[in-house]
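So the sequences go chain by chain: Y and X. For the record, in the first sequence the residue sitting at position 86 is 77 according to the numbering used here, with numbers rising by one throughout. For any residue, its number in the numbering used here is found by taking its place in the second sequence, counting from 1, and adding 124.
Be aware that a few hints might be false.
What the hints assert, rightly or not - Computed, partial: chain X to chain Y, Cβ under 7 Å:
hint, residue
1, I392
2, E431
3, A477
4, G489
5, Q509
Claimed, not checked - Keeping only pairs whose Cα atoms sit at most 20 Å apart, straight-line, the calculated EDC-like set for lysine to aspartate or glutamate is:
hint, chain 1, residue 1, chain 2, residue 2
6, X, K337, Y, D277
7, X, K180, X, E384
8, X, K505, Y, E(-4)
9, Y, K387, X, D454
10, Y, K387, X, E462
11, Y, K340, X, D520
12, Y, K(-1), X, D520
13, Y, K393, X, E462
14, Y, K393, X, E384
It is worth saying that the hints were derived from the structure and are not from the lab. From the three backbone atoms N, C-alpha and C, an ideal C-beta is built for every residue, glycine too.
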Amino acid sequence: MINLENPKKFRGLVSQAQQVAREIFRPNSRKYDLAEHEYPKELDILGALLDGMNASGAGEGAGAAGVRRDAVQDQGNRNSSNMSTALGTMELCWGDVGFLLTMPRQGLGNSAIASVANDEQLKRFAGRWAAMAITEPHCGSDSAAIRTTATKDGDHYVLNGDKIFVTSGERADLVVVWATLDKNIGRAAVKSFVVEKGTPGLELVRLEHKLGIRASDTVQFALRDCRVHQDNLLGDPEINVEKGFAGVMQTFDNTRPLVAAMAVGLARACLEETRKILETAGIVIDYNRPASVQTAAAAQFMAMEADYEAARLLTLQAAWMADNRKPNSLQASMAKAKAGRSCVDIALKCVELCGSQGYGEGELLEKWARDSKILDIFEGTQQIQLLIIARRLLGKTSAELK
Amino acid sequence: MSATQNLMGFGLKILNRLGGSAMLDDPKTRKAATAVIRGATSTGFRLIGTVSRQFKSAPRPNKALRPGAAGGDLFDLTPSDEQQMIRDTVAGFAAEQLRPGAQAADTACATPKDLLAAAAELGIGSMQVPEQLGGAAGSERSVVTNALIAEALAHGDLGMAVACLAPVGVAVALAEWGTAQQQATYLPAFTDEKAPVSAIAVLEPRPLFDPFKLSTAAKRTDAGGYVLSGEKSLVPMAASAELFLVAASTPHGPALFIVESGSKGISITAEPAMGLRAASTARVRFDNVQLGASALLGGGEGDFSYENFIARSRLAWCALSVGTAQAALDYLVPYCNERVAFGEPISHRQAVAFNISNIAIEAEGMRLLTWRAAALAAAGKPFVQQAALARRLCADKGAVIGADAVQLLGGHGFVKEHPVERWYRDLRAVGIMEGGLLL
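With the rest of the complex left out, here is chain X (with noise of 0.2 Å):
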C-alpha cells in the first residue's frame, strides 16, 4: 500500500470516528470539527512547493484581530469536549503516522512531505487563524489546545511533531501580535492545504545564549525599514521555509522580524544535532537583510510582548517533553513486565519498579505545570514565571526521564531497535531551545 493510501486511510478513519459521535450535535464542536477533518475529506495530498510564493493580502480589516481570554474559575484538569476531539484525534494521528515512521525520519533528517501535508490538512494551521481571515480559530486564545496538541503528535515522535508545528508557531504569532496588515498578507495562507513552511528563529550558536541579549541585530534604514545581520541556530525546516520569524535587538529591546526566505542576504546550512533530525535543523546566516518598514511584527505598537513571546515558545518545548515522556513511560511498563531475567520479569524487582514510578510522577508534574503556564496564558494572565518553572522541570526532568528509559532496556535500550535512545536524544533539546515554536 502506498503512502498517500495510508494517509487517506487514516483520513478516513478520523471521519468515522468522529461521524460516531454526539459531540459532533453541537454546533459550537462541529464547526472545530470541521477544520480538523478538512484532511479526511480531501482527495489527495499535494506536495508543498519549495519555491517561494507570492503572499497575497487578503482584504484588511481595519483593525488587528486578536484571540480573546479564556479561563474558568474553578480548578480544573478536564480539556473541553472540543480539546478532548482534536487531542484524540492527533493523538491517533501520531500513533497511526508519525511513530511507525519515525526512525526513518530520524536517520534521514527529513519529515516526509506527504506526512507534513498530511499533518498540514489536520488544520491546526487554520485554527489559529481568525474566521474572517479564513481560519476557524475560536474566539478565545488557544495556548492550551495548542498545549495539547504538541503533547499528543510528540507521543508520536518529537521531531516530526516540530517539522509539523514549526508553521503553526509561526501562525500563532502573527495572530497575536501581527498588525492587520501583517494578519492580512499571511494569516490566510494558513488555512490552505499548502500552508507555507515556516519557522521562528531565536537561538543562536554560542554558549550560554540569551535570548533577551541577541547578537542578531535590526538596524533602522534611512528609507525608514531595517538590515538585519545576524546568525540563527537549529532553525527547524529552514531549507525548505518560505517565511521566518526572526528574533533580533533593536534600540528599543529585542524584536520580531517577519522574512520572507526569498529575500536577498539569507544563507542556509544544514546543521545536523544530537536529536530533533526529524525536523532538518540548520543554520541561518542573514547578511544585511534588507526588510521594509512592515516586516517589524506588530509594528512597533500595540501590545507585543518580547517575553509572553519568549515563555509562550518555550512552553511548547514543555508540551513537547510531557509527551514524549509520557510515550517513554507507555513504552516501558509493558518492555518491564515482559522482559525476564532470573526467572521473573524485572517489573518484580524494586530497583525496576521504583524507577517506573518516579518517571510517572515527574511526567506528571511536567504535565501540570506546563498546564497551568499555558491557561494563565491563555487567559491574558501573567505567566511567565510558571512557564519558567515548567521549563525547568520539564528540561531537568526530561533528560532524566530519556536516561532512565534507555537504562532500563539496558543494551537494547542503547540501539535502534527500540524508540528509547531516540527519545533519550530529543529530550535533551527542552532546556537548550529557545524559539522554533510557539502555543
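Okay, chain Y solo, but in the shape it has when bound (with noise of 0.2 Å):
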C-alpha cells in the first residue's frame, strides 16, 4: 500500500529527537558558533543517552550505529534502523547540524566500524568515539588516489602519509584510516585502518577554522611509521580487484542518505524560521491559491518548501530501500544531490527573503546559511553524485563517463 507519511512507530523516536533539538541544540546554537573549538560539554549528558537508546531500541536508534544491514532476511515492507536514523538526523539537524556531528561517540568512524567491521573488533571499539580520516590534501573525491600507505612488518601496519578534514579529530578516541597497500593498484588495495589516539607516529597538526559547523571540530593529522595491529584492519585484508574498493565504499551507501537527511532538517528551520518571520510581515502561504496571485515572497517560499519536500522524501526512499535490502546506490546519490543543492539555495534564499533579520546575526539564519554549504560537499560533492547518479543511469564505466 503506497503511503509516504512517517511510520507511527518513530513517533516516540522522532518527538525524543525534537526535544533534544529544541531543549539542548538550538540554545547553544550560537554559543558555539562563536567560540569555535571549544568542547560543547553540554552533550557529553546527550552522548550517554544516545547511547541508552542505541542500545535498547534493537538497532532503531538515532545515531551512527544504526547503518549496519544485519543478515535477517525477512518478507514483507520494512520500516527500520534506515529509515528511522534518518528521522532523528532530520530532527536533530533542525537543531544544529555542527552538533550532530559532534555528538560523542557517534562520528562517521563509528558507521564505518558498525557496517564493516567483524564481531571481535565490535566488541573491542564498542562504546568508542571514531573519527573518519580520508581526504588528504592533494586528493578529495578521488579517495582512490589515496597515498597514505599502510605497510605490513609482522603483525602490524606501519601508516604513513597525511590526512585533512578529519571530524571530531580532536575529540574522537580513534580514527579510522585509509591507507593503500599497494599505490600501483588503486581502488582494490585501499583498506580502513582503526587507530587509536595517542599511538605513536599519529600527529594532531591543526584545528581548522570554517564557514560553518563550528561546533563540530575539524583536523589535521600527519602519519608518520605510525604502527596498528593487524587485527585493527577493517574488512577483507586481501587485495581483491574485483570487489576491493566496494567494500571501503559500502560504507557511503548507507551514509550518504544520512548527510542528505542533515540537509533536510537543515532546510525545514529555514523554511520554519522564514514562515514564522514573513507572517509578522502578513505574508501567509495559501495553499488553495495559485502561486501567481499571491505575493513574490509567498510563491518563492512555495517553490523552496516544493524542493525541500522533493528532498526529503528522496531522503526517505533511500532510508526505505535500504531497509528493505534493494540495491539504492543511484537513489542514496540522488538523495544526497537533491538534498544537497536545495538546502544551500533554501538557505540562502531565506537569508534574503527575512532581510537584516535573516543576515544578522540576531537570528540564526545565517548561521545555517553557512553550515549548509558543507552538506553539498562531504560524503561526495554534488558533481560527484551526479557523475555516480549519471554512470549508472547511462551504464557507463568510470574510464568512458570521467
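Combine the two chains into a complex, taking the hints into account.
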C-alpha cells in the first residue's frame, strides 16, 4: 500500500530527537558558533542518552550505530533502522548540524565500524568515539588516489601520510584511517585501519577555522611510521581487484542518505523560521490559490518548500530501500544531490527573504546558511553524486564517463 | 493490418500476459482484472456516438455510495499487486497504442475514436463506479491507482492520455461527491463500452486565473434551478462531449454543475494550443443555460469540498507530468549513448551526463510528491498543501525537463522527427491547467 507518511512506530523516537534539538541544540547553537574549537560539554549527557537508545532500541536508534545492514531477511515491507536513523537525523539537524556531527561516539568512523567491522572488532571498539580520515591534501573526491601507505611489518601495518578534514579528529578516541597497501593497484588496495589516539606516529597538526558547523572540530593529522596491529584492519585484508573498493565504499551507500537527512533537517529549520518571520510581515502562504496571484515572497516560499519536500522524500526513499534490502546506490546519490543543493539554495534564499533579520546574528538563519554549504560537499560533492547517478543511468564506467 | 486488428492484437496480448499470471489466483485481484481486460474479450470496437444520449436512471440506492479510505501504517513505495497489474497493462497500452500514434494525433488535434474506445474498454472508467451500479470499484478510494494509470498513459503520450482520462475524471467526481440520484443517473453509463465522452471545465480565459475566483456564475432561479453563464477555456474533448462538469461561483462559494451538452445556450469553439492537441481542447461558452435543481453536484449538502476537488484535479496533471518526464528520460538515455560527437558518445561529456542526472533526480522528486499527496487523498487525510507542493514542483521541473530534452537532442530535438518537442509543449501545461481531469 503506497504511503509516504512517517510511520507511527517512529513517532516516539522523532519526538525525543525533536526535544533534544529544541531544548539542547538550539539554545547552544550561537554559543559554539562563536566559540569555535570549544568543546560543547552540554553534549556529554546526550551521548550517554544516545548510547542507551542505541543499546535498547534494537537497531532503531538515532545515531551512527543505526546503519549496519543485519543479515536477517524477512518478507514484506520493512521500516527499520535506516529510516529511523534518517528521521532522527532530520530532527537533530533541525536543531544544529554542527552538534550532530560532534555527538560523542556518533562519528563517521563509528558508522564505518558498525557497517564493516567483524564481531571481535565490534566488541573491542564498542563505546569508543571514532573519527574517519579519508581526505588528503591532494585528493578529496578521488579517494582511490590515496597516498597514505600501509606497509605490512610482522603483525603490524606501518602507516605513513597526511590526512585533512577529519571531523571530530580532536575529540574522538579512534581514527579510522584509509590507506593503500599498494599505490600501483588503485582502488582495490585501499583499506581502512582503526588507529587509537595516542598511538606513536599519529600527530594532530592543526584545527581548521571554518565557514560553518563550527561546533564540530575539523583537524589535520600527520601519520609518521604509525604502527597499527593487523587486527585493527576493517574488512578483508586481501587485495581483491574484483570488489576491493566496493567494500570500503559500502559505508557511503549507508551514510549518504544520512547526510541528505542532515540537509533536510537544516532546510526545514530555515523554512519554519522564515515562515514565522514572513507572517510578522503579513505574508501567509495560501496553498489553494495559484502562486502567481500571491506575493513574490509567498510564491518563492512555495517553490522552496516543494524542493525541500522532494529532498525529504528522496531521502526517505533511499533509507526505505536500504531497510528493505533493495540496492539503493542510485537513490542514495539522488537524495544526497537533491538535498545538498536544495538546502544551500533554501538557506540562502531564506536569508534574503528575511532581510537584515536573516543576515544578522540576532537570528540563526545566517548561521544555517553558512552551515548548509558543507552538506553539498562532504560525503561526496554535488558533482560526484551527479557523476555516480549518470554512470548508473547511462551504463558507463568511470573510464568512459570521467 | 487495420487499426482494429491492431487493437484486437493488443487486447489478446494483455489476455495472454494476464492468463499466465499467478496473481489472478487471488480472487480479489481477479475481480479488478476482469474489468481491466474487458476490452480484450470484446468481439469488436464500436465508435462512440456524438449525439447526446438519454441518461437512464438505474434503480436509485437510498443514499450515495462513497469510496472508503485507503491507507497503511508503514512508509511504503510498492504498489499493491493489483495496482502493479493495472499499471503494467496500461503501460503496455501506452507503449503499443499511444506512442506510435501520438504525432499524428497531435497534428490532427484529435485522438482517433477507435483508440478512445480501446482506452475506454481497458475499464478505467468502470473502476471508478461502485459495484452496486454495475462498476468494478473496490471498497477503497482509488486516487493512487488513478495516479499510476495517468502516469503510465502519459508515458505513451500526454495529450492522448488527457483525451482518454477526461471522462474518467467526471466519473471520479460523481463517485466521490454525487448525490444518490446523480450517481444512479450518470455513473452506470461509465461502465459501458460506449462511456459518454465528458469533461471537467474549470479554467477560464484570462491571465492570473484563480479557480477560487470564478467569473462563470450559476444563479438560482425562482423555479429552484440554476442559470449558468460564463466561458471555459481549454476544455478537453469538448466538441464530442455529452456531459460537462462545470465549475461556477454561487452565493455559497464555488460549486460544480452537471451540464448535458445538449442543453440550450452552449457554444463550443475549437481552441488549439501549444500542447495537449490530441485532447481536442476547446472554449465552451454557457449563455444563460437553464439547469434543474439536480444539476448541482452533491446537491449542496454532504461532503463536497471544492478545495479537495481542485487539489485532486491538479494532482492528475502532476501524475501526467511524471509519466512524460519519465518518457523523456527513457528516450534521452539511449539517444545520448548513441549520438556520437568528437569521436565518442555525447553521454561521455559531463555537461550532457549531469543534465541526465538532474532530469532523473527531479522526475523522481515529482513522482514522490505526487504519490504522497495522492496517498493522503486516498486515505481521506488533509492533502491540499501536499498537492500544491506537488504542482509547484511538477510545473517548474517538468518545464525544465521538457526544455532540457529538446536541448540534449539539439536541432534534432526541434524537429518533429523526435517526440521531445511535443513533450516540451505538453509539459508546459501542468502549471496552467485547472480542471479537465481528476484523480
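Okay, the hints, checked on the actual structure:
Evaluation of the I392 of chain X hint against chain Y yields a violated restraint, the C-beta minimum of about 26 Å exceeding 7 Å. Evaluation of the E431 of chain X hint against chain Y yields a held restraint, the C-beta minimum of about 6 Å falling below 7 Å. Because the smallest distance between the Cβ of A477 of chain X and any Cβ of chain Y comes to about 4 Å, under 7 Å, the interface hint for this residue holds. Interface hint at G489 of chain X: satisfied, since its Cβ lies 3 Å from the closest Cβ of chain Y, which is below the 7 Å cut-off.
At its closest, the beta carbon of Q509 of chain X sits 4 Å from a beta carbon of chain Y; the interface hint therefore holds under the 7 Å criterion. Using a Cα cut-off of 20 Å, the hinted pair K337 of chain X and D277 of chain Y holds, with the two alpha carbons roughly 14 Å apart. For the given pair, K180 of chain X sits about 13 Å from E384 of chain X by alpha-carbon distance, which is consistent with the 20 Å threshold. For the suggested pair K505 of chain X and E(-4) of chain Y, the alpha carbons sit about 11 Å apart, so the restraint of at most 20 Å is met.
With a C-alpha separation of about 16 Å, the suggested pairing of K387 of chain Y with D454 of chain X holds against the 20 Å cut-off. Only pairs whose Cα atoms come within 20 Å are accepted, and K387 of chain Y paired with E462 of chain X is accepted, the gap being roughly 12 Å. Between K340 of chain Y and D520 of chain X, the direct Cα distance comes to roughly 17 Å. Compliance with the 20 Å bound is thereby established for this hinted pair. Between K(-1) of chain Y and D520 of chain X the alpha-carbon distance is near 32 Å, which puts this suggested pair outside the 20 Å criterion.
Proposed proximity of K393 of chain Y and E462 of chain X is supported: the alpha carbons are some 18 Å apart, at most 20 Å. Distance restraint check for K393 of chain Y and E384 of chain X: the Cα-Cα separation of roughly 61 Å exceeds the 20 Å cut-off, and the hinted pair is therefore not satisfied.
This entry does not satisfy hints 1, 12, 14, going by the numbered hints stated previously.
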